[in-house]
Amino acid sequence: MSNEELVIKVLAEEGNMRKAAERLFLSQPALSQRLQTIEKDWGQQLFIRSQKGLSPTPAGELVIQYANETIQRKEEVFEVLHTLTSKVHGTLKIACATIIGQNWLPKVLKDFVTLYPEAKIQLITGWSSEIVRALYDGEAHIGIVRGHTDWKGPKLHLFKDTLYLVDKEIRSLEELLQTERPFIQFKSDSTYYEEIQQWWQKHFASNPKRQITVDQIETCKQMAVNGIGYAILPSITLTGNEDVHMMPLTNNEEELELTRDTWLIGYESAFQLRQVEAFVAIVEKHATLLR
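Last residue of the sequence shown: number 758 in the working numbering, and the count goes up by one each step with no gaps.
For the record, the hints were derived by calculation from the structure and aren't laboratory data.
Given the structure is predicted, the values throughout are model-derived calculations rather than measurements.
Among the hints, a few may not be true.
For lysine-lysine, the following DSS-like pairs were computed, each having C-alpha atoms within a straight-line distance of at most 27 Å [said to hold, decoys possible]:
(1) K627 with K577
(2) K541 with K574
(3) K587 with K577
(4) K622 with K635
Restraint-style ranges between C-beta atoms, simulated for each label pair [what the hints assert, rightly or not]:
(5) N483 with E585: 41 to 47 Å
(6) N535 with L623: 26 to 32 Å
(7) E606 with I679: 21 to 27 Å
(8) V580 with Q668: 41 to 47 Å
(9) L548 with P496: 32 to 38 Å
Note that beta-carbon positions come from the ideal geometry of N, C-alpha and C, so glycine has one too.
Taking the hints into account, I'd like the entire structure generated from these sequences.
Printed below as a string of structure tokens:
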């Protein structure tokens, strides 16, 4: 909106050159000159001047209506712009490791959509290596990855969870030396597989006698819970209500539990987006409950 609309609106409301000049903080000669310029631009006389004041011409009534509508529309746009800065809008694009997407992220997203119903969510799940690729390709604002990460940009450590050997029958890690029960593994990214392999080689001289490989961690868990064999699962996948024996994997040298880290990663520019800022705040709140 230019000052032109405001001048027309005030002149119409006051119907008096002196009063209008006072409201606009102008002198009467200056306001008169402004009105002449406005009428010249429209090519029409907008007000009839008399001793009784200003009366709009038919053309003036149309221009006054236009000025009022323009001013009102600007106020409405200002209100929307204010909500854009005070509310969270836009699309939040997340790339998340499948394990986290299935077992932890839903609670986080529930809080997010409850607090920010006008925001939209796009979610990609996969292996951690695929999450990093999604960030490189611009398919996601932020990523949640597992294990060691070489990400050079901003990264936030969320939590670490313990790895457990889970089985219906086996009660101690020592029993793995004699058991004929199959070791159920799930396909995962290379770092997770390498960690399990390294742990196994430190504790046992030979590989498991029998192995079953499945494509999803949930399938692996259900097979173990149903007594088909034993599995190594991160605590994030276990509720504690499973009717199984749970033995934490430990490092014999230090007797420390073997854990798996979860990280939030992304580019600096993405962390400046309001929807990302809001999501990160909720993520940190949930993550503290697991530390």
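Against the structure, the hints:
1. K627 with K577: Since the Cα atoms of K627 and K577 sit roughly 22 Å apart, the hinted pair holds (cutoff 27 Å).
2. K541 with K574: violated, 40 Å
3. K587 with K577: Given pair K587, K577 holds - Cα atoms ~12 Å apart, limit 27 Å.
4. K622 with K635: violated, 38 Å
5. N483 with E585: 41 to 47 Å: holds, 46 Å
6. N535 with L623: 26 to 32 Å: violated, 51 Å
7. E606 with I679: 21 to 27 Å: violated, 33 Å
8. V580 with Q668: 41 to 47 Å: Because 45 Å falls inside the window, the suggested range holds.
9. L548 with P496: 32 to 38 Å: holds, 37 Å
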